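Each chain, written out:
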Amino acid sequence: MGKSILVIDDETMILDAIKIIFEDMGYSVQTTPDPVQGTEVAIAQDFDLILTDIRMPARNGAEITEAVRAKKPNARILVITAYPNDPLAERAIKAGAVGLLKKPFEIAKILDFLA
Amino acid sequence: MTEHGKRSILVIDDTPEDIAILNEELKDDYRVQAATDHETAMQILRSTPPDLILLDVMMPGMDGYQLCRELKAESSTSHIPVIFVTAKDAAENEAAGFSLGCVDYITKPVNPALVKARVKTHIELKLAREYLEKQNAVLRENALLREEVEHIHKHDLKNPLMVILNIPDLLIRQPNITADQKQYLKMIEDAGRKMLEMINRSIDIYKMENGTYDLHPTCVNAIAVARQIVLAHTHAAAVKNVAIELSLNGKPADAADALNVTAEELLLYSMLSNLVRNAVEACPPDGRVLLSFSSGKAGIIAIHNAGAIPEKIRGRFFEKFATADKQGGTGLGAYSARLIARTLGGTISFLSAEQEGTTITVGLPLAREGGAP
Chain W
0 MGKSILVIDD ETMILDAIKI IFEDMGYSVQ TTPDPVQGTE VAIAQDFDLI LTDIRMPARN
60 GAEITEAVRA KKPNARILVI TAYPNDPLAE RAIKAGAVGL LKKPFEIAKI LDFLA
Chain A
0 MTEHGKRSIL VIDDTPEDIA ILNEELKDDY RVQAATDHET AMQILRSTPP DLILLDVMMP
60 GMDGYQLCRE LKAESSTSHI PVIFVTAKDA AENEAAGFSL GCVDYITKPV NPALVKARVK
120 THIELKLARE YLEKQNAVLR ENALLREEVE HIHKHDLKNP LMVILNIPDL LIRQPNITAD
180 QKQYLKMIED AGRKMLEMIN RSIDIYKMEN GTYDLHPTCV NAIAVARQIV LAHTHAAAVK
240 NVAIELSLNG KPADAADALN VTAEELLLYS MLSNLVRNAV EACPPDGRVL LSFSSGKAGI
300 IAIHNAGAIP EKIRGRFFEK FATADKQGGT GLGAYSARLI ARTLGGTISF LSAEQEGTTI
360 TVGLPLAREG GAP
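Line by line, the protein sequences are chains W and A.
In this text, residue positions in the first sequence follow numbering that gives the first Met the number 0: the first is 0, and each later residue adds one.
In this text, residue positions in the second sequence follow numbering that gives the first Met the number 0: the first is 0, and each later residue adds one.
Just so you know, these hints were derived from the structure itself, not from any lab.
Since the structure is predicted, the reported quantities are computational estimates derived from the model, not experimental observations.
Please note: incorrect hints may appear among the correct ones.
Claimed, not checked - Example chain W residues on the side facing chain A (calculated, C-beta under 10 Å, incomplete):
{"no.": "1", "residue": "D45"}
{"no.": "2", "residue": "Y82"}
{"no.": "3", "residue": "K102"}
{"no.": "4", "residue": "I106"}
Here a beta-carbon is modelled for each residue, glycine too, at the ideal position from N, C-alpha and C.
Starting from the given sequences, assemble the full structure and let the hints guide the process.
See below:
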């Protein structure tokens, strides 16, 4: 079975794009535009990689990283942001995120974090 | 009108009788305060600043002109209109008062109707001015807010761009894709990249305007950058049969020539590219655009073409949205060129006349010997 990915982003077009590209490569992809629900799923299930946007209403990517890593210290979380020099992205890295991708990025770059 | 809603007037006069006369005329319509000496006047001005001051010029122990000068020099009172009340009616005295910033004169003995009329006029003027100032502040605030929102939208545009830039690649790798289809997909991707460049440039401009641009200068050969720009404008120049030439210290520049300046290569490219594009567009057909490089205290790049900048925009050439109704012109070319020149710690200026054409001169800090900035 292929590796599994969870993507959390309030922009559904980002979810759709990552989903079709990674399913095309044989990955299993779950997506949600709801950051609160995304946090629950990330804690309840195991993923090889969790991708989360930083700037979202209701809950930001740094808070998600902190909440998930508090429950699952080995969770691999990759944060994505449209803003360069985003202090929330730095906070997510401090909370243990494995990396940061700045939009728009080549979706294949996510592979670097799945090795 | 309630006592509280009334506009207030401060009468400064050493003669209680004169104060009483003015009070009688004004008390129905205004809240009248009075001071017979400098100290009391200052106290009232501090505690309950009036909307208008009626100031006696001739007072023993207090010079009305001097007091007016003080009021105008102090920021908390400079906006309060002052009307001089004086027995003197010589023209030169009036001129002296106006030069100090008073708005009107009333001569003693006062004519009641005249006092009322003048006070009313000047209070209304003050209210109108305050209203305009308030509106101005609101407009400025709205403009800032709009810029802020636009800035956020620019970042939001990166989301759809993610799709536009990534999906063509996925399609290209599908079986049964024809060469034509591949080319179309490449066109979509290129258009997306172009759009991303525009977004990033406009985000950079916003940061440079704010002074939050994070500059990382290195040593850049300005002539090499210019050669890339010439290549990129070959087509636009060829259409008008315009030649683009480079020179260094007065001689034609050859491939080995360098003018090393301290800059960010992308910013320098963007600035020179704007200026060269403008020069090619403004240059008369069959003409020449000359980029002359020279080094002195700074690295100088002068871009000349024979076309003159239309007179009506010369005065605001470097301002935002200054455009001579150019087809497709955004009016940001020269503006962003100046912004970039300043961000790079350089200078930019222009000379333009019908006979001589237009020369834009950019000065940039020279890179120190050895290449390191």
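Here's how the hints hold up against the structure:
Look at D45 of chain W: its Cβ only gets to about 26 Å from chain A, farther than 10 Å, so that hint breaks. Evaluation of the Y82 of chain W hint against chain A yields a held restraint, the C-beta minimum of about 6 Å falling below 10 Å. Annotation: K102 of chain W was flagged as interfacial toward chain A, and the flag holds, the nearest CB pair being 4 Å apart, inside 10 Å. Interface restraint check for I106 of chain W: the shortest CB-CB distance to chain A comes to about 5 Å, inside 10 Å, so the restraint holds.
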